[in-house]
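Here's the letter readout for the chains.
Number of protein chains: 2
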Amino acid sequence: MEKLVNPPINTWDNLVIRPTQNVEDIEETVNEIFTEVSHKGDAALKKYTELFDGVEINSFEVSQDEIDEAFQVVSQELKKAIQLAKSNIETFHAAQKTEKVEVNTREGVLCWQQKKAIQKVGLYIPGGSAPLFSTILMLAVPARIAGCEEIVLCTPPNKEGKVNPAILYTAQLCGVTKILKVGGIQAIAGLTFGTESIPKVYKIFGPGNQFVTVAKQLATKFGVAIDMPAGPSELLVFADESSNPEFVAADLLSQAEHGPDSQVILVSTDITTVEAVEEALKKQLEKLPRKEIASLAIEHAKLISFTNEEKALAFINAYGPEHFIVVAEKEEIFVEGIINAGSVFIGSYTPESAGDYASGTNHTLPTNGYAKQYSGVNLDSFLKSMTFQKITKKGIQNIGNAIELMAEAEGLFAHKNAVTLRLKSLENE
Amino acid sequence: MEKLVNPPINTWDNLVIRPTQNVEDIEETVNEIFTEVSHKGDAALKKYTELFDGVEINSFEVSQDEIDEAFQVVSQELKKAIQLAKSNIETFHAAQKTEKVEVNTREGVLCWQQKKAIQKVGLYIPGGSAPLFSTILMLAVPARIAGCEEIVLCTPPNKEGKVNPAILYTAQLCGVTKILKVGGIQAIAGLTFGTESIPKVYKIFGPGNQFVTVAKQLATKFGVAIDMPAGPSELLVFADESSNPEFVAADLLSQAEHGPDSQVILVSTDITTVEAVEEALKKQLEKLPRKEIASLAIEHAKLISFTNEEKALAFINAYGPEHFIVVAEKEEIFVEGIINAGSVFIGSYTPESAGDYASGTNHTLPTNGYAKQYSGVNLDSFLKSMTFQKITKKGIQNIGNAIELMAEAEGLFAHKNAVTLRLKSLENE
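Here the protein sequences come in this chain order: L and C. If you use the working numbering, the first sequence corresponds to residues 1 to 429, in order. If you use the working numbering, the second sequence corresponds to residues 1 to 429, in order.
Heads up, some of the hints might be wrong.
Same chains, same label: a pair holds when it works inside one copy or across any pair of copies.
List of simulated lysine-lysine pairs, DSS-like, C-alpha gap at most 25 angstroms [to be verified]:
1. Lys86 x Lys393
2. Lys3 x Lys283
3. Lys200 x Lys221
4. Lys330 x Lys394
5. Lys80 x Lys393
6. Lys330 x Lys116
In case anyone wonders, no lab produced these hints; they're calculated from the structure. Only a predicted model underlies this, so the values are computations on that prediction, with no experimental measurement involved.
The task is simple: from the sequences and hints, build the whole structure.
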């Protein structure tokens, strides 16, 4: 842990920097696999699944039998928990629906904006040690509310060629239209180009390791949109003397257990609080099953004190954390003043875990300072907005001359002529 | 021109394909210039401006004197036209503002979504033959409404080191905070890394040639967001016997004059209309100042007839045009059924030029079929949405157990513990 007191503003650029990953060596591999999947389809998926997942898969699509079995295996209490989370996520994302925006900008010039669902979306759910079924809730629920027609989920099989039952249960519950046992670069390539088994989609969502991240970036070159660029997960907590250091430490550790590269930062205006959190961190860390991972992340954690809330806020906005917990006497300074953060958790009883699972907000959020320019996943991530206009004779007479002048000034005479012809036709009306 | 009658659906994949550009040779140049600008800042800008624009620039920022001069030079009537367009664009984009979305997903679990402006944005305006001041209206007006603090505009200087006065006038009128005389790859690199003259921004908007397009794509690797990937401009017109072939031809030509690679498509249910439009096209083409460019685009235009509106609509949605004009007896079939298009123009008196300049809708739109997954530029393009949550003691008691179960099932015990600690502390309350 690095403890800093009142770091001067000219050191902030260094403090807010995230660890950079050298992806150049990965890029070559990703390019190769993309080329092969685009040419050979399922045969390439099969090859790379054997290579990376160590299992031979002959049918990538998860069968109804496998889904039925998952419904048997998942415990009743976990099912209820998932249903409660789903219901909250539905409530919050359904509330984000917007009406058609319609306005007459001039008499006879009617313009409107309308959102339509992206027809085909792909959801990537990593496998590995933690089966992230919660991410399915975060992606499939808004996709359904938006009205996406095809919701294709890819997730890697385990060594037995199976997918975790909680993943299958959640995917079925949330209306995923196709579940495929394929992961990694080859899954992203399949969603990009389409294969015999994987439908080509228009936008790919979901987290993943650095291979998946580079693959998603490459997919954009082939016209596929992605939710956002990804990086290691982050939590910044502002806590002052009104906070409970045990709670704060538990929150910081919940971030730290994600991986050795997780970013964990405590900002405070109170040195006693910093010390108390540090103590609690050490104590709680000992009891964690994922202690080894968490302690690596905690090693490069930062504990930073500032003399007042305003300076702390300025630093937090410069950092742009993915998750921002604020437990402060003067919480309104932060709630009103935060500009750059993915999701904000306010008060002692609002742990990050709540938003990770069940409060209703989305947990797919911008990392790496991208909160400065990217939204977290929300209902609009599954929609695109289109504009419409309908102009009457009177309308084109109202704005036609302005169009002619501007088109001429830009040297675009055919643009001008399209208006002139119409205005002329109306001269004798 | 290629005329097709009832092309079978298995030929559509080929029909909707856009010309691909081989950008690999460009990529190397773009990479080189990015590296140099990131290391040498203004010195690199200077070098490449001399190389590509053929002029030595010592001060990249446009001075107040230059802006004042532009205000003198632009004609009163053009100023009025620009002001009318600005007012309509403001009206339409201001109407897109959304309120905070706030909902209690459970008792004691308050979640809300709020949008905040992206603080620093860069607008790229190409120079060259057509000074696209209209694009400044389309980008700077919503940026101001959104509340962006820094709006930086880059545009290449001409051989005399000057910028077109209409560009300067419009930029000043729309509240651009800094205007820089630098274009091409080096401008995008400057906006990505920041130099002595160019502020680093969080998101880059605006059209450009293939060099600028590749540069914008590369910028995303360095964490800068972009409006959307770009390709040659497109217009698809559906016109039946209720249309005026002269108007239709004029609209198709207004697209064709953009460049030899412009995509121009006519879809109809009426062969007589197709023939009449073809005649009018040939006639009108002769009179165009940009006849040479337009005729190259018209050469590879497609005129496609279908037996009914439903088939035509299915094809149009498969194509996903940037601009879609519909002049049809049964226009509602198209207006209600269109899913994939950037902007839709309805009826005989709604030329594309209206939306290009002055009706109020945005003209920065997805090309290349990207309307399937990307929105055109709109107010939200300059905002990012953040979520907030505040949970009471009662609230965490309502959802805490679900969180514990899910965290445990994902193997994330520190996530669980952050809730358990809180629930325990409440047991005796």
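At most 25 angstroms between alpha carbons: which applies to Lys330 and Lys116, within, between, both or neither?
between (41 angstroms within a copy, 21 angstroms between copies)
Checking an output row: Lys3 and Lys283, CA cutoff 25 angstroms. Within, between, both or neither? within (18 angstroms within a copy, 77 angstroms between copies)
Tell me, please, which holds for Lys86 and Lys393 at an alpha-carbon limit of 25 angstroms: within, between, both or neither? So Lys86 and Lys393 pass the 25 angstroms test across copies only (21 angstroms; inside, 50 angstroms).
One pair to classify: Lys200 and Lys221, alpha carbons no more than 25 angstroms apart. Within, between, both, or neither? both (14 angstroms within a copy, 24 angstroms between copies)
Item to complete: Evaluate Lys80 and Lys393 at a C-alpha cut-off of 25 angstroms and name the case that applies: within, between, both or neither.
Response: between (59 angstroms within a copy, 21 angstroms between copies)
| query | How do Lys330 and Lys394 come out at 25 angstroms by Cα distance, when the copy is not named: within, between, both, or neither? | reply | Classified as between; 22 angstroms across copies, 56 angstroms inside a copy.
Checked against the numbered hints given earlier, this structure breaks none of them.
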